[in-house]
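S.K.: Listed below, chain by chain, are the residues.
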Amino acid sequence: GIQVEQSPPDLILQEGANSTLRCNFSDSVNNLQWFHQNPWGQLINLFYIPSGTKQNGRLSATTVATERYSLLYISSSQTTDSGVYFCAVLQTTGGGNKLTFGTGTQLKVEL
Amino acid sequence: DGGITQSPKYLFRKEGQNVTLSCEQNLNHDAMYWYRQDPGQGLRLIYYSQIVNDFQKGDIAEGYSVSREKKESFPLTVTSAQKNPTAFYLCASSPTGRGDGYTFGSGTRLTVV
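Residue numbers (my numbering), protein chains in the order written: chain A, 1 to 111; chain B, 1001 to 1113.
Hints are computed from structural coordinates only; laboratory data are not their basis. Hints are supplied without guarantee of correctness; some may be wrong.
Residues from chain B that face chain A, not an exhaustive set, calculated with beta carbons under 8 Å [said to hold, decoys possible]:
{"id": "1", "residue": "Leu1027"}
{"id": "2", "residue": "Ala1031"}
{"id": "3", "residue": "Gly1042"}
{"id": "4", "residue": "Gly1058"}
{"id": "5", "residue": "Glu1069"}
{"id": "6", "residue": "Phe1088"}
{"id": "7", "residue": "Leu1090"}
{"id": "8", "residue": "Phe1104"}
{"id": "9", "residue": "Ser1106"}
Some chain A residues flagged as far from chain B (calculated, every beta-carbon gap over 10 Å) [claimed, not checked]:
{"id": "10", "residue": "Glu15"}
{"id": "11", "residue": "Ser19"}
{"id": "12", "residue": "Leu107"}
From the three backbone atoms N, C-alpha and C, an ideal C-beta is built for every residue, glycine too.
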């Protein structure tokens, strides 16, 4: 099956710093998503970004599907950005669609 | 407000017992999913269902069972055959035919004692 790798696995930032998270995938995909999991376990969809660039406030994401990677940018980080960031790719099977997740980047933003 | 409700939030089970985790959604989504998350790891797919009365095994289905008798409900049973059931379980739903729109519940933390 498709492999999804994320880097770095862990990241500690001072509040106000910027960061870039990377997601590499092993096969062609037509659907990539970024999620944030807060410290209480809730997953929130950040971006649906099969290709190109999108921005939402201090967050933006870029996917280069031909080179099989996606980047998530966090600018002016805040303590509320802490948690785990996952990328996930969609696979279409005979039984329907399913998301395959990477192992995540654990982010901690400190004052 | 529409969303996904998982219950209970915390669950303790004795070894050898079956336990059922509840997942209900009022988003009118056709597709529903169960994922397992272990500490420091990503989510792994257990089962998924695109339509009522039909479901498919995911990557780690052994020791689990599901049913999809109603569009709104997708309960997961962790059986005694699951060797390492202690984990965080997440339910999700999405509209069929779309790649986006995934919504997750708040999870059930299962501990075997």
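S.K.: Would you assess whether Glu15 of chain A, listed as outside the interface, keeps its beta-carbon beyond 10 Å of every beta-carbon in chain B?
M.R.: With a cut-off of 10 Å, Glu15 of chain A remains clear of chain B, as the shortest Cβ separation is near 24 Å.
S.K.: Was the hint right that Gly1058 of chain B lines chain A, CB cutoff 8 Å?
M.R.: This interface hint holds because 7 Å falls under the 8 Å limit.
S.K.: For the restraint on Phe1088 of chain B, tell me whether the closest CB of chain A is nearer than 8 Å.
M.R.: At 6 Å from the nearest chain A Cβ, Phe1088 of chain B passes the 8 Å test, so the hint holds.
S.K.: Using 8 Å as the Cβ threshold, decide whether Ala1031 of chain B counts as touching chain A.
M.R.: holds (6 Å)
S.K.: A closest beta-carbon separation below 8 Å is what the hint needs, so does Glu1069 of chain B meet it against chain A?
M.R.: violated (18 Å)
S.K.: Mind checking the CB of Leu1027 of chain B against every CB in chain A and telling me if the closest is under 8 Å?
M.R.: Since the shortest Cβ distance to chain A is 13 Å, the answer is violated.
S.K.: Per the CB criterion, is Phe1104 of chain B less than 8 Å away from chain A?
M.R.: Nearest chain A Cβ about 4 Å off; hint holds.
S.K.: Grab the minimum beta-carbon distance between Leu107 of chain A and chain B and tell me whether it stays above 10 Å.
M.R.: holds (14 Å)
S.K.: Confirm or reject the statement that Ser19 of chain A sits farther than 10 Å, beta carbon to beta carbon, from all of chain B.
M.R.: holds (19 Å)
S.K.: Please check whether Leu1090 of chain B passes as an interface residue: C-beta within 8 Å of a C-beta belonging to chain A.
M.R.: holds (7 Å)
S.K.: Does the CB of Gly1042 of chain B sit less than 8 Å away from some CB of chain A?
M.R.: holds (4 Å)
S.K.: Minimum Cβ distance from Ser1106 of chain B to chain A below 8 Å?
M.R.: Interface hint status for Ser1106 of chain B: holds (5 Å vs cutoff 8 Å).
This entry does not satisfy hints 1 and 5, going by the numbered hints stated previously.
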